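S.K.: Residue numbers (the numbering used here), protein chains in the order written: chain A, 1 to 162; chain B, 1 to 162; chain C, 1 to 162; chain D, 1 to 162; chain E, 1 to 162; chain F, 1 to 162.
Since the hints were derived computationally from the structure, they do not count as laboratory data.
Computed from a predicted model, the values in this text were never measured in an experiment.
Which copy? The list can't say, so a pair holds if one copy fits it or any two copies do.
Simulated pairs of lysine to any residue, SDA-like, Cα-Cα distance not exceeding 25 Å:
1. Lys137 - Asp156
2. Lys68 - Ser148
3. Lys21 - Lys137
4. Lys20 - Val135
5. Lys37 - Phe88
6. Lys104 - Gln92
7. Lys137 - Ala159
8. Lys38 - Ala134
6 protein chains.
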Amino acid sequence: MSEFSHWNEEGRPKMVDISKKDDSKRTAVAQSTILIKKELYDAIRNAEIKKGDPLQVAQIAGIMAAKKTPDMIPMCHPIQIQGVDFNFEYQQVDNGYELIIQAKVTCKGNTGVEMEALTAVSVASLTFYDMCKAVDKSMIIKETFLLSKTGGKNGDYNASNI
Amino acid sequence: MSEFSHWNEEGRPKMVDISKKDDSKRTAVAQSTILIKKELYDAIRNAEIKKGDPLQVAQIAGIMAAKKTPDMIPMCHPIQIQGVDFNFEYQQVDNGYELIIQAKVTCKGNTGVEMEALTAVSVASLTFYDMCKAVDKSMIIKETFLLSKTGGKNGDYNASNI
Amino acid sequence: MSEFSHWNEEGRPKMVDISKKDDSKRTAVAQSTILIKKELYDAIRNAEIKKGDPLQVAQIAGIMAAKKTPDMIPMCHPIQIQGVDFNFEYQQVDNGYELIIQAKVTCKGNTGVEMEALTAVSVASLTFYDMCKAVDKSMIIKETFLLSKTGGKNGDYNASNI
Amino acid sequence: MSEFSHWNEEGRPKMVDISKKDDSKRTAVAQSTILIKKELYDAIRNAEIKKGDPLQVAQIAGIMAAKKTPDMIPMCHPIQIQGVDFNFEYQQVDNGYELIIQAKVTCKGNTGVEMEALTAVSVASLTFYDMCKAVDKSMIIKETFLLSKTGGKNGDYNASNI
Amino acid sequence: MSEFSHWNEEGRPKMVDISKKDDSKRTAVAQSTILIKKELYDAIRNAEIKKGDPLQVAQIAGIMAAKKTPDMIPMCHPIQIQGVDFNFEYQQVDNGYELIIQAKVTCKGNTGVEMEALTAVSVASLTFYDMCKAVDKSMIIKETFLLSKTGGKNGDYNASNI
Amino acid sequence: MSEFSHWNEEGRPKMVDISKKDDSKRTAVAQSTILIKKELYDAIRNAEIKKGDPLQVAQIAGIMAAKKTPDMIPMCHPIQIQGVDFNFEYQQVDNGYELIIQAKVTCKGNTGVEMEALTAVSVASLTFYDMCKAVDKSMIIKETFLLSKTGGKNGDYNASNI
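Bound conformation, chain A alone (with noise of 0.2 Å):
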């Protein structure tokens, strides 16, 4: 097991320094769920119809917010992401439906793009919620998590199943 890589010596926190850490083409895929009612899954449905879709913001929201994450997780490194696209599925399942949510983004840099992506389903999810939460205030964001990641010297990373 690695150890920690963000205490100084004096047990605060620090932003490593990475500048002798080559640059490479990174991606990282991140993947968040929510759980919603059949009635709100029919009301989007409907919704949908008249042009309006909830994803839409979602998707433009969670690529906003990758270009923040530096902004937002204090000891994230700024870097420049060259790539963000976004994957919405929904499933049924026995009380409503589940949407899944994937994003990938893509870098070239000397540090990885993890949290950019965690960033990005984690901001899509929560704007999903706000957009109907007019709806249904009881939906729940599941499992959100690394899916995978490409680059970097640590190598590849895919998360076995859960």
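Put chains B, C, D, E and F on the given structure of chain A with help from the hints.
M.R.: Chains B, C, D, E and F alone, transformed into the frame defined by chain A:
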């Protein structure tokens, strides 16, 4: 079931006009949970002895994020939050530990602070992940949801159980 | 003609003290127009069929920009806007199409929301340009101006004609 | 005519992946024009004698806005701009004066700075409006457009004439 | 001596709940001083003749920073400042000149604006340093402190002497 | 003595074009000092026992502020800082204690990080003041200056003594 309030007639999202709503004291409490391995839990405990603590950084990031909510969630109204506080608790579970994070946000205004509380716990969770990901990338942020709210014309809300 | 209110005695700009002004409900409507080629108009229409729409992104960006106005316009007071909505309309002209963008901003406060409305339409126009510039870089953002305002001690304002 | 690059397969906007594009030096020049009354022009001239100048505030706001572009325009990539400068020129016209505002932005990167230049002149125009609106609310921000760009694989661009 | 108000029971910082405090008009004045060499002072004076002035940029940056205070100082409450103004004065001293910078911030609210005034003068000082550092990197920003405050239940405050 | 680099020909400030400068590793160290009363020092020491520590919040705020530097200082170029760390030290003096705050910022780029280091210590000082002002409003932030820098074509710099 209420109707969607964020869509204008053409089916595009708008920021709904709340100028006719009255000011009242409002609170919201949100909760998030992170599942961590025993090894990480032990590592944190040891780091704590050295006076460093991921919860410190998570709490500060969460408080700052509550203030940024209208900058992140597109249709959120800007409000002047009056207070933010956090509660953290570790619970032992079969496969390690769960860290339960709760944030309470208070305001006086004509719109609620649900999104502020949800954003606060989400960013606190993401920050905790960032502080500890060098040790364990497989952490899962579990149920994130609104625990309760008070104030406003729609009355109080309490999540029944999950 | 009124005198300038932003200059202090040494000739440097200041944020004027508005603490003696009373709160009132205020609205402002601003308008901007983008001149686009027929080819771009057709391309957008086709893209719309695929459920993508530059107006969606423009509207969301414009709403978020209205909230950022005091962060962009140096002497603007921070205010809590209460609502933002957009209206879009395409009109055929000799050399293609004109997209007319209008934004209405509402607040309760002691300073107006003209700059918020103007910033909203300007950023919506810029976003529309960004979404479509791969197809046509020669778009021109035409007249951007204040269409009307209500509230405040100076009374209502309506742009006569242009 | 090129195809749209901002839409993903489901018809929702994405930030396009530019990680395969090479870095090069790039510049972009944008222009905006404000139509002002003779009375305002004279008032500004007098204010300038007192060492105050709306152009100072407009220029500083425009430079700061160029840096904020990816925070305002949802699908814009974050880039590290290398330089921003402005040029202002008053021209007498039939019904008063025109203030012509030009901004030039420079970067080394794998995406252009058209949006940065357009954002810079737009925010400079809005700031000029804000500084002078106590004297004249009827100012009109006229043609805002990309004057020229250099660098990048699509080659240089020059607005023919308007 | 009062007790600390920012710590919660677990010893982690919180944003204290001020929702029970009443609104009142409040002001705060802060001061900072920069020690500069005679050569820099002369260079500024010459630049001033060319209509350029570090104080212009410093003042605008300071006003904008006052608005950003709750985004920078973690436990600060968001407030709607009502006015900001600056005063600058050069004084000759043995080893060159002192530039004395004062900022006054006004608000109507239930928390003070001390941090806004202190942030305003600090960022104005940093900006002055940035504008002039090509000429002299050895500038020292000297005493930065709260000169006075009015309003609020704790009464007025005046720095006795320094 | 070098000439000013921030002014364009008309005497208005610009962001100087650095696109011809080469990348190199750069560091900057800045220092600030806060003078506090013995009573406050003792109060902090006691609070530390309860695991709360103003230095924790100050350090996190300072790190986040370093990332915000180009958003605060108008003519600063956006750069991707690679690391930030802090050092704090209390020293007993005649009239109480001095808290000496040092921040070191690292980057690889074509412009220095002096402003980032100075902004980091300034915001850390302001945050310390905010955390403790309920106990003592008379704290004075004393000498803030650039201690040293390395990298860049102008060579290294060390503050001789103060």
